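Line by line, the protein sequences are chains A and B.
All residue numbers for the first sequence refer to the working numbering, where the first residue is 1 and numbers rise by one.
All residue numbers for the second sequence refer to the working numbering, where the first residue is 1001 and numbers rise by one.
Quick list of in silico lysine-lysine cross-link-like pairs, BS3-like style, CA-CA up to 25 angstroms:
1. A:Lys40 / B:Lys1109
2. B:Lys1099 / A:Lys40
3. B:Lys1005 / A:Lys40
4. A:Lys40 / B:Lys1071
5. B:Lys1099 / A:Lys41
Simulated coverage check for chain B against chain A, where a stretch passes if three residues somewhere in it have a Cβ under 8 angstroms from a Cβ of chain A:
6. 1040-1047
7. 1101-1107
Bear in mind the hints are in silico, worked out from the structure with no lab data behind them.
As the structure is a computational prediction, the values presented were derived from the model and not from experiment.
Cβ coordinates follow ideal geometry from the N, Cα and C atoms, glycine included.
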Amino acid sequence: ETGVTQTPRHLVMGMTNKKSLKCEQHLGHNAMYWYKQSAKKPLELMFVYNFKEQTENNSVPSRFSPECPNSSHLFLHLHTLQPEDSALYLCASSPQAGGPREQFFGPGTRLTVL
Amino acid sequence: QQQVKQSPQSLIVQKGGISIINCAYENTAFDYFPWYQQFPGKGPALLIAIRPDVSEKKEGRFTISFNKSAKQFSLHIMDSQPGDSATYFCAASVGGTYKYIFGTGTRLKVLA
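Given these sequences and hints, build the entire structure.
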C-alpha cells in the first residue's frame, strides 16, 4: 500500500448506529487530518493531529470522535449521526502540522446517513 | 475575511482550449496558495502552488497568476485535454500553518 488509504470506501448507516472510519498513511508523516466534503461547499477541516496529539477541533459536534493511536493511523468514530452528516470524509497527512504544507489526501469514505 | 471565493462553479472547454479558474480572498495574511485537482473517486492532489512574492508560476501546461493588490489568483490550463476533466480547488493558508481555507471548487469538463 502506498500513500493514504481509507476504509471503508462507502458506508450507509442509520441514525442510531455506531461505526468507525479508518485512515492509514504510508508516507512517514507526523500530522493527520479529517476533512468533510459536501457538495458545493468548501472542504471543511474537522480535526488535526500532530505527533498523535490533537491540535485542532474545528467546533465539530461530539457525535464525531477522532482517535489517533499512532502517527500512521487515524480513526473517526461515528454515533447518532444526522442525515445532514452525509458527505465524503477525507483523511489527509503531511510531514508535520507546522512544516511543509502539502497535504496528501486519501480517496475518502462516502457516508450516507439514513 | 477567512473565505476564498472561487469561480466559475463549472466550466466546459474544447480540447486544446484554455481553461481559466479564478479565486479571490480578503485576508492579507494568507501567504500560500495551492491548487488541488480531484478526479471522481479520488482525494484531492496538489497540482501547483504559489507564494505572494511572485506574480506567476508555471508547471507544464498549468500556470498560476497572482495579483497581490487585487487579492486574486487564477489557474490557467493551456492546451486543455480531456484527461484534465476534474474538479479544481483553490486554497489559501497563513504562514507556517496547516489550516487551508478552500474554495468551493470548479468542475471542469474538456470536450474531445
